[in-house]
Amino acid sequence: MQIKKQSKHYDAVIVGSGAGGGMAAYTLAKAGLKVCLLEAGAMYDPQKNITQLKNPWESPRRGASTKFRPFGDFDACYYGWDVEGEPYTKAPGTEWDWWRARMLGGRTNHWGRISLRFGPKDFKRKDIDGLGENWPISYEDIKPFYDRVDKLIGIFGTNEGLEDHPDGFFLPPPKPRLHELFIQKGAAVSGVKVIPSRLSILTQKLNDDRGVCFFCGQCSRNCSMAKADFSSTNVLIYPALETGNVDVIPNAMVREVLTNEEGLATGVSYVNKDDMMEYQVTGRTVILAASACESSRLLLNSKSKRHPNGLANNSDVVGRYLHDSTGASMGGVLPQLFDRKRYNEDGVGGMHIYSPWWLDNKKLDFPRGYHIEYWGGMSQPAYGFGGGIEGLNGKFAVRGQQKEAGGYGKSLKEDYRYFYGATVGMAGRGEAIPMYDNRCEIDPSVVDKFGIPVLKFNVKWSEHEILQAKHMKETFDEMMHNMGAIVTWGGDYNKENNYGLESPGKIIHEAGTARMGSDPKTSALNKYNQAHDCKNLFVVDGAAFTSQADKNITWTILALSMRASEYIISEMKKQNL
Amino acid sequence: MLGVGAISATALVSSSKAELPVQKEQEEPVFSYDRAKEELEREKQLIAQGNFFTKEEMATITILSDIIIPKDEVSGSASDAKVPDFIDFIVRDMPQHQIPMRGGLRWVDMQCLKRFSKPFRECDQKQQIELVDLIAYPNKAPKELSQGVSFFSRLRNLVASGFYTSEIGVADIGYAGNSPNQWNGVPADVLKQYKLAYTKKQMKECVKFD
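Residue numbers (my numbering), protein chains in the order written: chain A, 9 to 585; chain B, 26 to 235.
Hints are not guaranteed to be accurate.
[Unchecked claim] A short, non-exhaustive set of chain B residues, derived as facing chain A with CB atoms under 8 Å:
hint, residue
1, 59
2, 62
3, 163
4, 189
5, 207
6, 211
7, 221
8, 232
Note that these hints are calculated values from the structure, not bench results. Ideal Cβ positions, reconstructed from N, Cα and C, are used throughout, including at glycine.
Turn these sequences into a full structure, and let the hints steer you where they fit.
If you want it as structure tokens, here you go:
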């Protein structure tokens, strides 16, 4: 076996093409730097690989999920919980579900587009509750980059003047749907704040390269038709390719970061999944954006004389402080909406309203907040439609007639029509405390099909997260009651089932495994996402997060990646890199 | 009650060659939407497997599907919407359905054999409905028929999935989306019906279309 070395030497070798990698490639390429972008999955072009505006009958499985598309047959993301030939392990008695997209653009091709800035307090949580660690930056450091991300990528929402849910540069939001008006009413009675959601979807024209949302509700399929939502592919990578400064290498599974005698990064080695040959590509800087866990796996697998504990890991924090958002949910039906009038209420691909954290933790028995996401209404039928009708048609009279649960025939068809579009649901997404002992490390005895040592996870929720889930469920129960809804699932929460708290990893907001900090003894990266121990190595995905707030992390990944990339450009100009 | 010998004599689920699942010609799957390389390989395998159900099983599935979703004044039946074909595909795609479906069909035939001395598909309509009535209502079904109730509930779910995701079913349920439009909020007559209104703030800040 021989290793093929690419002759071209790049300014930056970027591993991973999602939000962090896409933004780095875009920023560097626009500045004229030569970039090599490696992606472990397939090439993908939303302009050609289309699932948008398809009808359910076009899928033989009617949109049901598969191992290749866990979020459904029309979802835009390749792979997820189970990647062929790429196992991972867990310490006994612990849980971790690891989502891995394998395609150009990664999970940004299907994500929820919920684009929330962190607030000033989110960077200094330790000062407030003594838990975790403060970030080495403040809101003021990142604000200019949030502003520019808003303007570059586009986001709708409203300026509400809320201290910890900062204002931005928003396009107008869509009006709430019918079930959302009921949610708003129920929430008001419960004292839960509801404001327009903040999604990176273009409700008005932003630039000539992209169109405007036409309200098909299918952002999870990626907006092939109008490029009206944010995906790394549509908005960053393909525009970056137009500069001529970026080479994309798909199906490239990176094995390790290469370093020289001085301990500096020189490039990466990778397996080409197509020909299974070994390759090396070199660059002036190496930027990891392979997703929090995959980037830390790479660092831990990149051992050398100068970096015996793994690259950028003198602090021994790489892989540690792994945390996901907390999650708990509840669903039901709104009897007011039975037998409702039909019209197109697809709207944007996601909720039109949401609830930012509205309480003071000083008065609660858990330390950090959560936000609430909502759904419901008349969505496109898919596999699972009408499932469990026996739980509804015996419970509620249909057009005044009390029926026996279950059944068949013309009467049953009437029931499906009667109950369609009356569902409503809500989910909390909260902030977990990053813990030293919650980690991923290299499994000493297991390799993947490429021979790369795999990750072993060791993560447990603490009382903080469990009590937060309890609060979510109690709040949801009350809100459902206040809006007149009947809970049909998720109402069975108790101490034994951790109050319905999803197992860690399930919310797919993993972060923290190469955290930033001012002290090289307790952090892997400095405030510019630059490795303390290796100045030409950067990590620009969720791994860099000191903590992740009660906000989805993508907007912050984008802002930090833009900031780090501009720092790289400036350091190169100064000949520091 | 009939003995085992009588059952095999009726060739209930025969293992004779003629009634083995139909092997389809190796077809190239055609998709109107994006498929990754590995997906296409799997789709090919699913087609190459041929039908999961035997002709007899398919006959029973078709009769039961049309009992669950018959033609009415609004739309056609389950078989009009090719629901049985969907069910055959989905059990190949989701193997967890295979044993409950095959076993459930056999359970139904055994019940019919005991009661009417014929497998379900050969029973007359009255007998078929008599059997379905015993397992279609979970809360009042006899306890000793609980396995039949589970099977029927599963089948009802699969039929609903297949029917309401078909072109006929989507039109029946009245799903009005999946087409470009400008969302201007809940229609005025609907707001009025529910005595709801947008706030002044919402009217001012939200995107509007003329």
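Against the structure, the hints:
Look at residue 59 of chain B: its Cβ gets to within about 4 Å of chain A, closer than 8 Å, so that hint holds up. Checking residue 62 of chain B against chain A by beta carbon gives a least distance of about 7 Å; that is within 8 Å, so the hint holds. For residue 163 of chain B, the interface hint holds, the least distance from its beta-carbon to any beta-carbon of chain A being 5 Å, beneath 8 Å. Of the supplied interface hints, the one on residue 189 of chain B holds, with its beta-carbon coming within about 4 Å of a beta-carbon of chain A, less than 8 Å.
Restraint check, residue 207 of chain B versus chain A: the minimum CB separation of about 7 Å is within 8 Å; hint holds. A cut of 8 Å between beta carbons decides the hint on residue 211 of chain B: the least distance to chain A is about 5 Å, and the hint holds. About 5 Å separates the beta-carbon of residue 221 of chain B from the nearest beta-carbon of chain A, less than 8 Å, and the hint is met. Given hint, residue 232 of chain B at the interface with chain A, holds; its Cβ is 4 Å from that chain's nearest Cβ, closer than 8 Å.
Hint compliance for this structure: every hint is met.
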